[in-house]
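Trainee: Given the coordinates of chain A, assemble chain B onto it according to the supplied hints.
Each chain is listed here by its residues.
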Amino acid sequence: MKITEQITDNITIINLDGRLDAHTCESVEAFFREKMENGQYKFVMNMENVEFIDSAGLRVVLVVARDLRNKHKGDLHFALLQPAVSRVFEISGLNNVLYIYNNSENAVQGFSS
Amino acid sequence: MSLRTKLLILSVIIALIPVGIAGRSMIHITRDELKSSANDNLITVASQVSQDIEDFYRYTWLAPLRLLKKTVESEDLGVNEKLSLLTEGIKSVNDLVALQISVHGVSAPLLVTQNDFSNRLKKVSVDPEQILTIPYHRILNLKKQDEIFVGDLTYVEQVDTWLVTVILSLDQKTFGRTAMLCSRINLDRLKKRIENHPFAQGGTITLIDTNGKKIFDKNRPDLSANKLVQTTKKMMASNIRTIGVEPYVRPSGEKMLGAYAFPRILDLGVIVEKNEADAYLAVTQMVRNLMVWILVGLLIAASGAIVVSISLTRPLLRLTRAARTIAKGDLSVRIDSKGQKDEIGELADTFNMMVKNLRLYIDQLTETTKAKERAESELELGKKIQQSFLPKEFPRLDKIEVWGTCDPAREVGGDYFDFFQIDESNFGIVIGDVSGKGVSAALFMAVSRTLFRILSSQEYSPDQVLSRFNQWLVDLDQGANMFITVFYGVFNTETKGFLYSSAGHNMPFMKSSISTDGRFKLLPQMKTMVAGIMADIPIQLGEAKMTKGDVLALYTDGMTEAMNQKKEMFGEDRLEELLEKYSDQSAADICKNLVDDVHAFHTGEPQQDDMTMFILKIL
Chain A
0 MKITEQITDN ITIINLDGRL DAHTCESVEA FFREKMENGQ YKFVMNMENV EFIDSAGLRV
60 VLVVARDLRN KHKGDLHFAL LQPAVSRVFE ISGLNNVLYI YNNSENAVQG FSS
Chain B
0 MSLRTKLLIL SVIIALIPVG IAGRSMIHIT RDELKSSAND NLITVASQVS QDIEDFYRYT
60 WLAPLRLLKK TVESEDLGVN EKLSLLTEGI KSVNDLVALQ ISVHGVSAPL LVTQNDFSNR
120 LKKVSVDPEQ ILTIPYHRIL NLKKQDEIFV GDLTYVEQVD TWLVTVILSL DQKTFGRTAM
180 LCSRINLDRL KKRIENHPFA QGGTITLIDT NGKKIFDKNR PDLSANKLVQ TTKKMMASNI
240 RTIGVEPYVR PSGEKMLGAY AFPRILDLGV IVEKNEADAY LAVTQMVRNL MVWILVGLLI
300 AASGAIVVSI SLTRPLLRLT RAARTIAKGD LSVRIDSKGQ KDEIGELADT FNMMVKNLRL
360 YIDQLTETTK AKERAESELE LGKKIQQSFL PKEFPRLDKI EVWGTCDPAR EVGGDYFDFF
420 QIDESNFGIV IGDVSGKGVS AALFMAVSRT LFRILSSQEY SPDQVLSRFN QWLVDLDQGA
480 NMFITVFYGV FNTETKGFLY SSAGHNMPFM KSSISTDGRF KLLPQMKTMV AGIMADIPIQ
540 LGEAKMTKGD VLALYTDGMT EAMNQKKEMF GEDRLEELLE KYSDQSAADI CKNLVDDVHA
600 FHTGEPQQDD MTMFILKIL
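Quick mapping for you: the protein sequence lines, in order, are chains A and B. For the first sequence, numbering that gives the first Met the number 0 assigns the number 0 to the initial residue and increments by one for each residue that follows. For the second sequence, numbering that gives the first Met the number 0 assigns the number 0 to the initial residue and increments by one for each residue that follows.
In isolation and in its complexed conformation, chain A is listed as follows (with noise of 0.2 Å):
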């Protein structure tokens, strides 16, 4: 899993390339709470380069995106989701808790309104 990441706005977009699965989410999650240690909060996740996501994946970042909107009134926003990762949102309802967007221009748009 390569993560890279760039911020505008004070709004963090990470770029995750690779499965999103158990074999990588803890880094992905260790890599979340680093940030949030330096007191960023709103994140945007492209998903262009990710193929698949498992259920530990999935609890990653609803246990982030949770935690973001609980405790530090940020958010984490997604992009372009794969089609196999969008079925795993939808099967799982993911998709009714967290925000999707179809570019990442606007899920950064999406901390705004």
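Simulated from the structure, these hints should not be mistaken for laboratory data. Please note: incorrect hints may appear among the correct ones.
Derived DEER-like restraints, expressed as beta-carbon distance ranges [claimed, not checked]:
{"#": "1", "chain 1": "B", "residue 1": "T367", "chain 2": "A", "residue 2": "N69", "range": "42 to 52 Å"}
{"#": "2", "chain 1": "A", "residue 1": "E33", "chain 2": "B", "residue 2": "E423", "range": "56 to 66 Å"}
{"#": "3", "chain 1": "A", "residue 1": "E25", "chain 2": "B", "residue 2": "E379", "range": "18 to 28 Å"}
{"#": "4", "chain 1": "B", "residue 1": "P390", "chain 2": "A", "residue 2": "Q5", "range": "48 to 58 Å"}
{"#": "5", "chain 1": "B", "residue 1": "K565", "chain 2": "A", "residue 2": "Q5", "range": "24 to 34 Å"}
{"#": "6", "chain 1": "B", "residue 1": "A587", "chain 2": "A", "residue 2": "E36", "range": "44 to 54 Å"}
{"#": "7", "chain 1": "B", "residue 1": "V438", "chain 2": "A", "residue 2": "E36", "range": "40 to 50 Å"}
{"#": "8", "chain 1": "B", "residue 1": "T367", "chain 2": "A", "residue 2": "E36", "range": "18 to 28 Å"}
{"#": "9", "chain 1": "A", "residue 1": "Q5", "chain 2": "B", "residue 2": "S387", "range": "21 to 31 Å"}
All C-beta atoms in this analysis are idealised placements derived from N, C-alpha and C, irrespective of residue type, glycine included.
Mentor: For chain B alone, kept in the frame of chain A given last:
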């Protein structure tokens, strides 16, 4: 070659080179110096001897002869007085054995002889006058134009005496014509003096005449075969009177060192010679001594070098031995640096530090490994607990046939399914997937299972059960942030109605001749959310009608998301096709075949997730 050997060789060479060079040049210098001093010694002896001869001539013979000449020439003295003075003179000068005055035109010369010598001659019946008188013509022959003649070496065999003749001219005024004072001188004293020269003890002093014949030897042997005599003869012949020294080999093969010199007054050569070995004895001895000392020096240098290199390499050897022990796994090794403050001591300290750290690392590693093993055994334990909650046997029922199977992945996963009877005609079917692993996930599942059994006994409506189930889990506030996806359905054997709800779980396939035109279809997706994270999640209720021969197939994503080597997922379409293919088989066979097919699909790739299938067939 070991480091120690190399260092030994190197330091010995370094130690030996200067000693060797110094020793060699010392030997050279000493040998040259001693040789030249031995040569000088020979030259000194040769010139001493010729000087002795000159001194004898000048002071012992010539001085009294000149006095006598004056006496004879004196006009104040009469003949008798002169004669008595001559007689006295001959007595007082030891070496003088005869004095003769020859006057031109007078046939009989005046001869005065030394009594002792005359008596010796008479004893052996030799007439002294005959032996000692020199005829006037011979005197002239010898004398020629010289002022003084010295020479005419004669050996008087009868008395074994060597004589030399000295001739001086007398003043013509006294005699009115040419007159000569002719003297015969006994060389015994000179001979003895030469024979007694200290050098004669170790070497030989030889006098030769111009013909190369030996003087002072009654046989008068010709020594011309001797190379040095040849040189001397040549020099005398060409009237070169220099002093020289040269080594040469005698005809006998003996190596000699010889020097030569020439007295200025006599035509003879002084040859001084010595066996070269004797002459250079001091050289040989000194060289031998030097050799011994140089050898001792070399030995000391070499042993010094050996001691130094051994003491230098000893700590290294100790290090090597210690390293070898460590390599065998014994980390109790320590090197005593013995308080050495140099690099070796530092190396020993560093080494000890390394061993200490190594031991620490290994301890830590052991600890980590143990922890990992504990974690693995916890996973294993969790897996076992989890598996124990899954139904293994299914009741034989009149109206339905059910079968479920769960094939756990080696590492992760938390699939869950259950089948239970709620009342006479209602049967509950649950399939779920806990996110998380290990004992905590297993316990979470145990709680879920228990909750389900309790909640389903109080409530028929699956959406209500799931809502309350979610509420319970959220209220547990388990902190581990685990959640569960659940599909829950209730089948009524009387009405053959199937009521269902989902909390984030994938929808099952149903083959229903009423609801899905007799083919396998996914039940329509609902607005849903995984359970255990948030309160008040949206849960919908669905209903389907089934009839005899219809099939319901529940599964977890471990089935559809299994990957092959091309990174393709097994997928719902493939599952749907296979369900269609196996739909006539028993529920157990369908489960088994599907799981086998998925395994065949992901051959070469590890199983990523638990795979669970549950089949319900209406009989």
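Trainee: Given the hint of 21 to 31 Å, check if Q5(A) and S387(B) actually sit that far apart at their C-beta atoms.
Mentor: violated, 49 Å
Trainee: Taking the Cβ atom of K565(B) and the Cβ atom of Q5(A), is their distance within the range 24 to 34 Å?
Mentor: holds, 33 Å
Trainee: Is 42 to 52 Å right for how far apart the beta carbons of T367(B) and N69(A) are?
Mentor: At 35 Å between Cβs, range violated.
Trainee: Kindly confirm whether 56 to 66 Å is satisfied by the beta carbon distance between E33(A) and E423(B).
Mentor: holds, 57 Å
Trainee: Could you say whether the range 18 to 28 Å given as a hint is met by the Cβ separation of T367(B) and E36(A)?
Mentor: holds, 26 Å
Trainee: Go ahead and decide if the range 40 to 50 Å is satisfied by the Cβ distance of V438(B) to E36(A).
Mentor: violated, 29 Å
Trainee: Taking 18 to 28 Å as the stated bounds, is the beta-carbon spacing between E25(A) and E379(B) within them?
Mentor: 20 Å Cβ-Cβ, so the 18 to 28 Å window holds.
Trainee: In this structure, is the beta-carbon distance linking P390(B) and Q5(A) contained in 48 to 58 Å?
Mentor: 51 Å Cβ-Cβ, so the 48 to 58 Å window holds.
Trainee: Measuring from beta carbon to beta carbon, are A587(B) and E36(A) in 44 to 54 Å?
Mentor: holds, 52 Å
Violated hints, listed in ascending order, are 1, 7, 9; each of the other numbered hints is respected by the structure.
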